[in-house]
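2 protein chains.
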Amino acid sequence: MSFIGNIFNSRSKEDGNFFLQLHKILGFKPNKKSLYRKAFTHRSMNIKDKAGNAINYERLEFVGDAMLSAVIASYLYDQVPHGDEGYLTKMRSKVVSREHLNELGKDLKLINLVQSRIPKSNFGNNIHGNLFESLIGAIYLDKGYKSCKKFIFETVIEPYVDIEQLEGRVISYKSLLIEWCQKEKNTFDYDVYEDDGKDELKHFSVKLSINDKVVAKARATSKKKAEEKASKRAFFAFQRQITRLI
Amino acid sequence: MSFIGNIFNSRSKEDGNFFLQLHKILGFKPNKKSLYRKAFTHRSMNIKDKAGNAINYERLEFVGDAMLSAVIASYLYDQVPHGDEGYLTKMRSKVVSREHLNELGKDLKLINLVQSRIPKSNFGNNIHGNLFESLIGAIYLDKGYKSCKKFIFETVIEPYVDIEQLEGRVISYKSLLIEWCQKEKNTFDYDVYEDDGKDELKHFSVKLSINDKVVAKARATSKKKAEEKASKRAFFAFQRQITRLI
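Residue numbers (our numbering), protein chains in the order written: chain A, 1 to 246; chain B, 1 to 246.
It is worth saying that the hints were derived from the structure and are not from the lab. Since we're looking at a predicted model, the values are computed, not measured. Be careful, since some hints might not be right.
A few chain A residues that face chain B, going by a derived Cβ cut-off under 10 Å, partial list only [as the list claims (entries may be wrong)]: (1) 27; (2) 47; (3) 49; (4) 68; (5) 80; (6) 89; (7) 235.
If we take Cβ atoms under 10 Å as the criterion, some of the chain A residues that face chain B in the derived model are [claimed, not checked]: (8) 61; (9) 67; (10) 92; (11) 149.
Glycine included, every Cβ here is placed at the ideal spot set by N, Cα and C.
In isolation and in its complexed conformation, chain A is listed as follows (with noise of 0.2 Å):
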């Protein structure tokens, strides 16, 4: 199942296969190409630099594990003003959590990405927030802080933290989308359909159209949990925009 060649030697289909996919997933193009497919090397492809250092995306994941930490410590700062330095930990903890950076990468598909000489279905469900990681550590030694703190932004931030929900309070961002969509004249259809793909968990997916135009994708175990990541995420689309307009 895995997908087998270096990359490093050649400069194959497969090689501008991996850029296309990647700079649909950075939103910009990769300038030092060899951080991104050191990003996406597992160690069982065996690579060594000519004074026989390891290539693989594990020293990579140290870099953007401590960039993450540093995007959200200072994002919280600001965000949660009322909250002491124990409380702006545990906020960050919940936000980088294992299961949360694992998600991240299986949203952004980062495994179809992975060279390894591992088939993908022996992985575990790690692999995802690893490869999230050390992609966000290529981001900065290629780009700098403000590309991998705008990544960061635009990937983790935007769509998935949610500093009310965080704190226990709760929003619903459908309300906030449908009242955006009201005020604008704009349609708008959440399409949901039982999508359990390969989980033995019952899992829902939707698709959310605005003037029937598909702008985001969910998936959820709940109807009301997809439409609600759905949602989330138009609304920060649509606020880019907006943004961007003024």
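Mind docking chain B on chain A? Use the hints.
For chain B alone, coordinates are given in the frame of chain A:
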């Protein structure tokens, strides 16, 4: 012993002194002054903002700690290409150890800037490291990541982090410095004296002069350690000068 007075509401002489001393430590002029005042406000001052949120340095410590970890992580990624994730994590924890941070805070004499209702003599040793972290948090929030990284390089990495020493290999900065002095035809002098201060342990202080000008001071539990410490500081101070001249 403590300096009591509400610098949040006054443009007093103390306030001027505070920013004069701070400027010397930072090497640049702060913009958002209230952040730095906060960075040196102990919780015992019991100051609150309009919303009732406590104003003290503890939340800034959270930000500073995260930034320090991130900067050191990317530094170690570059400097230790052979180290895997576990090894890099171990090295980082040596650099940002409580003991090390306390030493840094002490060297910068940050405690002289603290506002507190508790006498300074009642503080434990950790206040030095805590203030160091809160200062880094303030720098990040005031000036951004690049300036924060630069400050960490100049106050932590260059004078204190020695990859060779961290890895258990040995290098002598004293011999490097002497070699450099001889090459550049500079005179040098290590003026060492016993300096036990209030410590139970025997301590040595050293003043290192180059061309009859004191360029670095250091203090340690042995003559050799103190000389090595002073040499390292001088070495990096001169290295920066040299880099700037190029």
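Exercise. Regarding the hint that residue 27 (chain A) lies at the interface with chain B, is the smallest CB-CB distance below 10 Å?
Worked result: With a closest approach of 20 Å, the residue 27 (chain A) hint is violated.
Problem set entry | Restraint outcome when residue 61 (chain A) is required to lie within 10 Å of chain B by C-beta distance | holds (6 Å)
Problem set entry | When the least beta-carbon distance from residue 49 (chain A) to chain B is tested against 10 Å, hint result | Check passed: Cβ of residue 49 (chain A) comes within 8 Å of chain B, closer than 10 Å.
Problem set entry | Satisfaction of the residue 68 (chain A) interface hint, Cβ to chain B closer than 10 Å | Interface hint status for residue 68 (chain A): holds (9 Å vs cutoff 10 Å).
For this session: Grab the minimum C-beta distance from residue 67 (chain A) to chain B and call the hint holds if it beats 10 Å, violated otherwise.
Result: holds (5 Å)
Exercise. Do the numbers back the hint for residue 47 (chain A), that is, is its least Cβ distance to chain B under 10 Å?
Worked result: violated (14 Å)
Problem set entry | Interface hint for residue 235 (chain A), Cβ within 10 Å of any Cβ on chain B | Status violated, d = 26 Å.
Exercise. Can residue 89 (chain A) be said to touch chain B, with a Cβ gap under 10 Å?
Worked result: Holds, because the Cβ-Cβ distance from residue 89 (chain A) to chain B comes to roughly 7 Å (cut-off 10 Å).
Exercise. Taking the closest Cβ pair, is residue 149 (chain A) under 10 Å from chain B?
Worked result: holds (8 Å)
Exercise. Measuring from the C-beta of residue 80 (chain A) to each C-beta in chain B, is the shortest one below 10 Å?
Worked result: For residue 80 (chain A), the interface hint holds, since the closest Cβ of chain B sits about 9 Å away, which is under 10 Å.
Exercise. Does the interface hint hold: is residue 92 (chain A) within less than 10 Å of chain B, judged Cβ to Cβ?
Worked result: Given a least distance of 8 Å, the restraint on residue 92 (chain A) holds.
Checked against the numbered hints listed earlier, the structure breaks hints 1, 2, 7; every other hint is satisfied.
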